[in-house]
Amino acid sequence: MADTGNPPTTAMREADPASAPRAVRKARGILVPLWLGYAFLYLPILVVVIMSFNDSENLFVWRGFSLRWYPELFADEQIMQGLANTLVVAAGATAIATVLGTLLAYGIQKYTRGGLIRAFAIAPAILPDLLLGIGLLTFFSLLSLTLGLHSAILAHAVFATAFVTAIVLARMASLDQSLEEASRDLGAGPVRTFMRVTLPQLAPGIVAGALLAFTLSIDEFVIAFFTTAPTQPTLPIVIYSMVRFGVTPEVNALATILLLVSIVTVIAAQRLTRLTGTVK
Amino acid sequence: MTSTLDRKAPAVRAPRARRGFAPVPFLAPGLVFLIAFMAIPVGLLAFYSFFKRGRFGGVVFEFTLDNWVKLFEPLYLGVIVQSVGVALVVTLLALLIGYPMAYAIAGLSPKWRTVALVAIVLPFWTNFLIRTYAWILLLNNAGWVNQWLQSLGIVDEPIAMLYTPQAIVVGLLYMYLPLMVLPLYASLQQLDPSLREAATNLGATPWRTFRTVTLPLSLPGALTGCIFVFVPAMSNFVIPELIGGGKTIMVGNLVRDQFFEARDWPFGATLALVLTIMLVLVILVQSAVSRRLTEGSRRG
Chain U
1 MADTGNPPTT AMREADPASA PRAVRKARGI LVPLWLGYAF LYLPILVVVI MSFNDSENLF
61 VWRGFSLRWY PELFADEQIM QGLANTLVVA AGATAIATVL GTLLAYGIQK YTRGGLIRAF
121 AIAPAILPDL LLGIGLLTFF SLLSLTLGLH SAILAHAVFA TAFVTAIVLA RMASLDQSLE
181 EASRDLGAGP VRTFMRVTLP QLAPGIVAGA LLAFTLSIDE FVIAFFTTAP TQPTLPIVIY
241 SMVRFGVTPE VNALATILLL VSIVTVIAAQ RLTRLTGTVK
Chain A
1 MTSTLDRKAP AVRAPRARRG FAPVPFLAPG LVFLIAFMAI PVGLLAFYSF FKRGRFGGVV
61 FEFTLDNWVK LFEPLYLGVI VQSVGVALVV TLLALLIGYP MAYAIAGLSP KWRTVALVAI
121 VLPFWTNFLI RTYAWILLLN NAGWVNQWLQ SLGIVDEPIA MLYTPQAIVV GLLYMYLPLM
181 VLPLYASLQQ LDPSLREAAT NLGATPWRTF RTVTLPLSLP GALTGCIFVF VPAMSNFVIP
241 ELIGGGKTIM VGNLVRDQFF EARDWPFGAT LALVLTIMLV LVILVQSAVS RRLTEGSRRG
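Protein sequences appear in the order of chains U and A. Numbered by the working numbering, the letters in the first sequence go through residues 1 to 280 in order. Numbered by the working numbering, the letters in the second sequence go through residues 1 to 300 in order.
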């Protein structure tokens, strides 16, 4: 994922302008598996989008165009409540993770040698979500902590912190050290240097990390499944129980809207990285 | 003499003193948080795995090795083997499908390459459960695939596709294919084109160039991709449940059931730990092998 960033620079590095078009022309046949792959990736999504405009209650039979499922979706209290819960959890987890992850990344880069603390901080991103989920469930029940949105926020903040740390660390690597030294030499204390010099330089990494944390939290199912109360399900849990116990075509409309949101987000993120890429 | 020493001494000592103090406010909050909500919970699972189950979940503090012995009962061993098998098949298929895709993307012009990559990532940002549900629409007896097959006259009766082991493989493959394509692309894109040109100029056929130059150099990317697919495929329990209809049980389903139905937390914890240990071992082997590979290619 990281290599999708700053395409202009990569483009320039390996431009090889003379042979590129030739390679493309030669490689037409090579595109066939690519198109088949895209067909595989997009066919199911396409079916869901088409069926979201279906007039019928039947999930499998097309009867005619209709927008009826969209208003019904917004009138569905269960789904709307799930959406609200998801946003609360994602916002809370992102807030915690952004602060902790940024501090951790800075501390790791500046003050640790060897990879132990780094590996520990990134571990939640690699550990199976299942293990974290049941571990936290066990831990919360040992503490007799009632499950709810707060427990899901804490649980999501764990893996979100790992992702923020990883991304800010990557940004730290390209940081201009001499600016910090200059700030120190000019008499600014460590806190002031961090706030005035380091943070602004890290900002794009922090924003990218926070966005990733937010998106991952919104989509996360397994950990939320183990750490929320059944009375306060997040949206993925609502969808899960709908799929399990009977789907209404509203789900298609919901899927289409979520798809639209993620397309806009991905394209916006792409633009953002391109912008920061040119600035750099 | 003394005055210069005096002036120099604090300048040398000051940074060290700052270094001694400064890490705490940066490292402590995050580390305390992760110790509390990752290390302790995981440690707790390891601890629980040596005790007896409580009647309604939880644990009774009587030491036992039963949970670890139970793993070797044919029933549970079978589930573990089956999970490894399914995850391996999914990984292999993802490699076979993902490699040509990544190869084709690496050959595109820079502009189209970006578009192609976004198109790979995009489904991945679509809700995981909705992508799973989409396959129910497709594979159901009354679903789209059966409708097409029947209208084309290929089959008379709908084929049972949903709730089969094959459906689980397709579902997992669909879910994790992008994770194979991305690292493969990253390693293929870094390949120095002049290497391939050199091989061609020296008279190698395209196939030979691919086999002797491109393929070995893209192995680290392939390995990374395999890990990215194998690890989540192995612990997924939603797809086996929703698309597999709960008929093919994987380790993840077993863990979930121990917590929500059987209420045997210690055994559930043991299963999850075994799963994690296996995955960590796989990752360690992968990183050792890929370090070997990069060193080898650098020497060669």
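Derived from the structure by calculation, the hints contain no laboratory data. No experiment lies behind these values; they were computed from the predicted model shown. Beta carbons: idealized from backbone N, C-alpha and C, even for Gly. Wrong hints could be hidden among the right ones.
[To be verified] What follows is a list of derived Cβ distance ranges for each label pair: (1) U:A173 <-> A:L88: 31 to 37 Å; (2) A:L65 <-> U:L43: 33 to 39 Å; (3) U:A173 <-> A:V32: 21 to 27 Å; (4) U:A173 <-> A:P206: 35 to 41 Å; (5) U:R196 <-> A:R55: 56 to 62 Å; (6) U:V261 <-> A:N141: 46 to 52 Å.
Here is how each hint holds up against the structure:
Roughly 35 Å separates the CB atoms of A173 of chain U and L88 of chain A, a value that falls within the hinted 31 to 37 Å. In this structure the supplied range 33 to 39 Å is violated for L65 of chain A paired with L43 of chain U, their Cβ-Cβ distance being about 49 Å. At roughly 25 Å, the beta-carbon separation of A173 of chain U and V32 of chain A lies within the given 21 to 27 Å, and the hint holds. At roughly 38 Å, the beta-carbon separation of A173 of chain U and P206 of chain A lies within the given 35 to 41 Å, and the hint holds.
With their beta carbons about 59 Å apart, R196 of chain U and R55 of chain A fall inside the hinted range of 56 to 62 Å. Taken as a hint, the range 46 to 52 Å is violated for the pair V261 of chain U and N141 of chain A, whose Cβ atoms sit roughly 32 Å apart.
In summary, the numbered hints that this structure violates are 2 and 6.
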